[in-house]
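Q: Chains as they are written, first to last, in the numbering used here: chain W, 275 to 672; chain U, 275 to 672; chain H, 275 to 672.
Keep in mind the hints are simulated off the structure, nothing from the lab.
One or more of the hints may lead you astray.
Which copy is meant is left open, because identical chains are indistinguishable; a pair holds if it fits in one copy or across any two.
Claimed, not checked - Think about it this way: if two alpha-carbon atoms lie no more than 25 Å apart in a straight line, the pair counts; the simulated PhoX-like pairs of lysine-lysine are:
(1) Lys437 <-> Lys452
(2) Lys455 <-> Lys371
(3) Lys307 <-> Lys348
(4) Lys404 <-> Lys289
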Amino acid sequence: MSSDISISELVANYKKGYSLDQQFYKDPEIYKKEIENIFLHHWILAGHSSQIPETGDFFLFEFDSENIIITRTKTGDIRAHLNVCRHRGSRVCLEKKGTTKAFTCPYHAWSYDLSGDLIAARIMNETFDKSENGLHQAHVALVGGLIFISLSEKPPSLEEMKKDLADVFDQFGFDHMKLIKQKSYPIRSNWKLAVENYQECYHCAPSHQEFAKIHAMAMTPEKFAARKQDYLKNASSDIRLKPSSYYFDQAIKGQEGYQYDRNPLVTGKVSGSLNGGPVAPLLGKIKDYDGAASEFMVGPVTFFLIYNDHMIGYRFLPLSLDECVCDVFWFVHEDAQENKDYVLDNLTWLWDVTTQADEEIIVNNQKGVDSHFYQPGKLSEMEFFQQHFLNWYLDKIA
Amino acid sequence: MSSDISISELVANYKKGYSLDQQFYKDPEIYKKEIENIFLHHWILAGHSSQIPETGDFFLFEFDSENIIITRTKTGDIRAHLNVCRHRGSRVCLEKKGTTKAFTCPYHAWSYDLSGDLIAARIMNETFDKSENGLHQAHVALVGGLIFISLSEKPPSLEEMKKDLADVFDQFGFDHMKLIKQKSYPIRSNWKLAVENYQECYHCAPSHQEFAKIHAMAMTPEKFAARKQDYLKNASSDIRLKPSSYYFDQAIKGQEGYQYDRNPLVTGKVSGSLNGGPVAPLLGKIKDYDGAASEFMVGPVTFFLIYNDHMIGYRFLPLSLDECVCDVFWFVHEDAQENKDYVLDNLTWLWDVTTQADEEIIVNNQKGVDSHFYQPGKLSEMEFFQQHFLNWYLDKIA
Amino acid sequence: MSSDISISELVANYKKGYSLDQQFYKDPEIYKKEIENIFLHHWILAGHSSQIPETGDFFLFEFDSENIIITRTKTGDIRAHLNVCRHRGSRVCLEKKGTTKAFTCPYHAWSYDLSGDLIAARIMNETFDKSENGLHQAHVALVGGLIFISLSEKPPSLEEMKKDLADVFDQFGFDHMKLIKQKSYPIRSNWKLAVENYQECYHCAPSHQEFAKIHAMAMTPEKFAARKQDYLKNASSDIRLKPSSYYFDQAIKGQEGYQYDRNPLVTGKVSGSLNGGPVAPLLGKIKDYDGAASEFMVGPVTFFLIYNDHMIGYRFLPLSLDECVCDVFWFVHEDAQENKDYVLDNLTWLWDVTTQADEEIIVNNQKGVDSHFYQPGKLSEMEFFQQHFLNWYLDKIA
Chain W
275 MSSDISISEL
285 VANYKKGYSL
295 DQQFYKDPEI
305 YKKEIENIFL
315 HHWILAGHSS
325 QIPETGDFFL
335 FEFDSENIII
345 TRTKTGDIRA
355 HLNVCRHRGS
365 RVCLEKKGTT
375 KAFTCPYHAW
385 SYDLSGDLIA
395 ARIMNETFDK
405 SENGLHQAHV
415 ALVGGLIFIS
425 LSEKPPSLEE
435 MKKDLADVFD
445 QFGFDHMKLI
455 KQKSYPIRSN
465 WKLAVENYQE
475 CYHCAPSHQE
485 FAKIHAMAMT
495 PEKFAARKQD
505 YLKNASSDIR
515 LKPSSYYFDQ
525 AIKGQEGYQY
535 DRNPLVTGKV
545 SGSLNGGPVA
555 PLLGKIKDYD
565 GAASEFMVGP
575 VTFFLIYNDH
585 MIGYRFLPLS
595 LDECVCDVFW
605 FVHEDAQENK
615 DYVLDNLTWL
625 WDVTTQADEE
635 IIVNNQKGVD
645 SHFYQPGKLS
655 EMEFFQQHFL
665 NWYLDKIA
Chain U
275 MSSDISISEL
285 VANYKKGYSL
295 DQQFYKDPEI
305 YKKEIENIFL
315 HHWILAGHSS
325 QIPETGDFFL
335 FEFDSENIII
345 TRTKTGDIRA
355 HLNVCRHRGS
365 RVCLEKKGTT
375 KAFTCPYHAW
385 SYDLSGDLIA
395 ARIMNETFDK
405 SENGLHQAHV
415 ALVGGLIFIS
425 LSEKPPSLEE
435 MKKDLADVFD
445 QFGFDHMKLI
455 KQKSYPIRSN
465 WKLAVENYQE
475 CYHCAPSHQE
485 FAKIHAMAMT
495 PEKFAARKQD
505 YLKNASSDIR
515 LKPSSYYFDQ
525 AIKGQEGYQY
535 DRNPLVTGKV
545 SGSLNGGPVA
555 PLLGKIKDYD
565 GAASEFMVGP
575 VTFFLIYNDH
585 MIGYRFLPLS
595 LDECVCDVFW
605 FVHEDAQENK
615 DYVLDNLTWL
625 WDVTTQADEE
635 IIVNNQKGVD
645 SHFYQPGKLS
655 EMEFFQQHFL
665 NWYLDKIA
Chain H
275 MSSDISISEL
285 VANYKKGYSL
295 DQQFYKDPEI
305 YKKEIENIFL
315 HHWILAGHSS
325 QIPETGDFFL
335 FEFDSENIII
345 TRTKTGDIRA
355 HLNVCRHRGS
365 RVCLEKKGTT
375 KAFTCPYHAW
385 SYDLSGDLIA
395 ARIMNETFDK
405 SENGLHQAHV
415 ALVGGLIFIS
425 LSEKPPSLEE
435 MKKDLADVFD
445 QFGFDHMKLI
455 KQKSYPIRSN
465 WKLAVENYQE
475 CYHCAPSHQE
485 FAKIHAMAMT
495 PEKFAARKQD
505 YLKNASSDIR
515 LKPSSYYFDQ
525 AIKGQEGYQY
535 DRNPLVTGKV
545 SGSLNGGPVA
555 PLLGKIKDYD
565 GAASEFMVGP
575 VTFFLIYNDH
585 MIGYRFLPLS
595 LDECVCDVFW
605 FVHEDAQENK
615 DYVLDNLTWL
625 WDVTTQADEE
635 IIVNNQKGVD
645 SHFYQPGKLS
655 EMEFFQQHFL
665 NWYLDKIA
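Chain W on its own, in the form it takes in the complex (with noise of 0.2 Å):
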């Protein structure tokens, strides 16, 4: 049974193999250094550049207490601005989504500029500086049409991430994807359960029966390295097949860690879709299905999943110190119409199922992890991953 110890003695206790104490999912105060080191530093999908293609469109991204304004300026950049006003703190823009021309407090009527200078606030005295008053600013990165922002005052490096893997980005047309579809789970766990989850495919087999048909993952490491050579030795794609491993403990210092890798499918089947079968147009420069998929991590809570035809976007983000919510967004090629060259019902159709199942396995780890009587178990060696998010995860609390 878990007593309450100092984070620093949890963190010494820990053992290499094994899950974590109880203590990291409950405690208040793991969850105030988690939010500190971790959300506000490093950084986090906040959205898809097709989802604010004209100046003044804006969107919210949120989580735990945080609400941030992605919005398109009109020199055509696209900022990040806290949306707590300099006044007297009051949310600036109440719409979810939208157009404007400014963002003007609803309590004071103080009013800020796309780029979140503040431009007008009644009846203030002389000593008042408008220029010292602007919304705070998030970091925004772009990887393609992808929105990355980062509250730290200095994030970790994208640089190395994004010369090792322009190649990538170039053959699947990063810069030539929309988001067609957007849905939050919402998950009665601590952030961790469900990170954790996404980190290992030894639950594949046994929870995820749909994604088991498809996806060579779910097979024993033996079965599954099998069908990597084989896939490895015909391979004939043009799609890089070198893996990067810097993510999580084995990221390089200062910059932020990634992952790159490409796996096999279960033999005969191409895409994620209820028949493993196509269900969009190619991505980007590919040319043609190899039975294959790509995954590619950046960032501690935000993967993607790419197959030949669509990409799918995986987040996870801290609601409070037992919530969590997982967003998945789901992209195909900028030119690719609905209905016409894809039906969303069976592009989206794999991951929906794979979440839902995913949210009742997380809540119901989250019950067993509250009893006196959990106990940190033993990993399997299909848990290695996680294992690495567990060892970056003790270094970056302690």
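Following the hints, put chains U and H in place on chain W, whose structure we already have.
A: Below, chains U and H without anything else, positioned relative to chain W:
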């Protein structure tokens, strides 16, 4: 970003002319101090004597964890009993209002008379002294028919206020009003954000167009000053003009803080109604409309706005750290008859729409204050009155 | 008014003959101690063997953060497994009741047999020892068909109780009852207010008129003593009369506390029914009605009331600091047939109305106890039994 520091440091760090640090709105220890030093000490409006005209009439008044029975005794006095049985603490009275001969606890039938004295307790041995087990009493003070209570052992005095404003109470006929409606507006925010909102009219023009059409106070300071000068020059009113400013940090030592002022409406308007016209018979000894309204505030959370033909009462109460309630009371001359002398919906319209708008404003203020990126912002000169509240408040919890 | 002081000071400050200080009902640290020292140590009724007649039958039993699988093994034994996977903590069993061959975790498919032994765990390396990874076990004890569990490593002994009351269990046929109904009554209060309420009949006359018509215990002590004397004088019962008082602070060292007593009903009444008449076939070896009922209590939160023709079980469990649940169980002779030998609604009526009334009483007690003005009040002599509970309780958390 805020971090948890001691209350005394927080108070010392406060910068005049700015809003409060986030921690004041989120720290359970500070909330506890507020309950003890403010809400269990100062005078609060409980209701109106017209709610309990006859012996045995009662109603319940509640906030935070407190519940108080306001009742009229056999001698016609009004008493305030804590609704907590002296046996094992049960609520003694479960009805929100009614008429009774005695308050008999539903648990073990201990029975208290209208004065709160324990008159019956079954099967208690001879060492038990009924006279030591009456219901705990709150202090009661009447201002005309207004019932104020204080839960302090030694409440601040109301004598100076009563002496000073005797002419006001006489002119408006405080002894001859009746309460015709009370409505509760629950607000998902710390109580201070609601009180601060009431203390300033910087937000009136942007947020309350209905109010701004009637009240000159919504104008810029310059325009308001001109309108006030103009009003005072022509004032032939039979209503007191001289202000009294003994409120919050300006209160007289040992006396409850209070404030009186009379301010003009927009030219041509005479009362707080849809078109600014009359809505009820004139109050007290008032002979005509003079295009103005009086404000009367007493104790930290009770505010009145007195038109020539009706009066509004405002009361803010905490329910928990992050939840409060605004109660609005509408009063008219005791002889006024509904649908003959006034139409309830017309009379309540202005402050119903205004309070609904405030509820939304305040909730959005709380959301932003919760952000790590909220920082105290500079107040406008139109928020000078809020500054008095803040000075007083910080002194109260220091 | 209460202020936060240490638990040991609080315990030391307790004044005998009075109710508890407010802090005992509101302090999360005290609640934590209660869970550890009381609920994870003592014996609690989990259910009845008639709920799981066959091998593989199971039901879940839960309180606070704990969830326990009660199941029947291949040898016919009853076992209690913590519903917490030894891998990463997931709930292993999601169904509230059912029949199974094994408990296979829905997350990663670790599989446990009916005895809780880990029989399959996919893809774990050779250093992993299945025999060390069985489900955690709770101790199980049977009293007739009643299933008790203890989560302690070294639970108090039940031997003295079993020896002492063997005649009682035999007379009432504890081995030949069946559970015919269980109903949960959630209560918005700290669990102790619910247990205290059960421990005293001072409230019976004012609060439970239905009960008071049947049970002499609702009378004043003098009248009850007279009625009891009268009953004992004429008692020709084949049911044990001699009381056993080894409960709460009177428990024998190392033994679980228990209590037995037989008390008269109101003259002319023979069972706990609408008119006090019979409602079901006589239990065990009982040959007739004798106008009395027996009480049997064992462990801190499990109480039985045994009429000649049916038995009621009461169990109180904490769900969180300020929420608990009362479960009521109704038992009859195993041969009794519904609608032939008994009508369920008639049989359950008295304790359903009584428990509903108690739920309201207890919630109103909690509300008053939450007030700053609550203070421990003097107990009546009719609350002497509650005093035993309080003595024991304070010792437990000191």
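Q: Decide, hint by hint, whether the structure agrees.
A: Okay, the hints, checked on the actual structure:
Taking identical chains as interchangeable, the C-alpha atoms of Lys437 and Lys452 lie at most 25 Å apart only when both belong to the same chain, with a minimum of 23 Å there against 73 Å between chains. Only within a single protomer do Lys455 and Lys371 lie at most 25 Å apart by alpha-carbon distance; the minimum there is 15 Å, versus 39 Å between protomers. Taking the shortest Cα distances, Lys307 and Lys348 never come within 25 Å of each other, neither inside one copy (37 Å) nor across copies (49 Å). In this homomeric assembly, Lys404 and Lys289 come within 25 Å of each other (Cα to Cα) only across copies, at 19 Å, whereas the closest approach inside a single copy is 53 Å.
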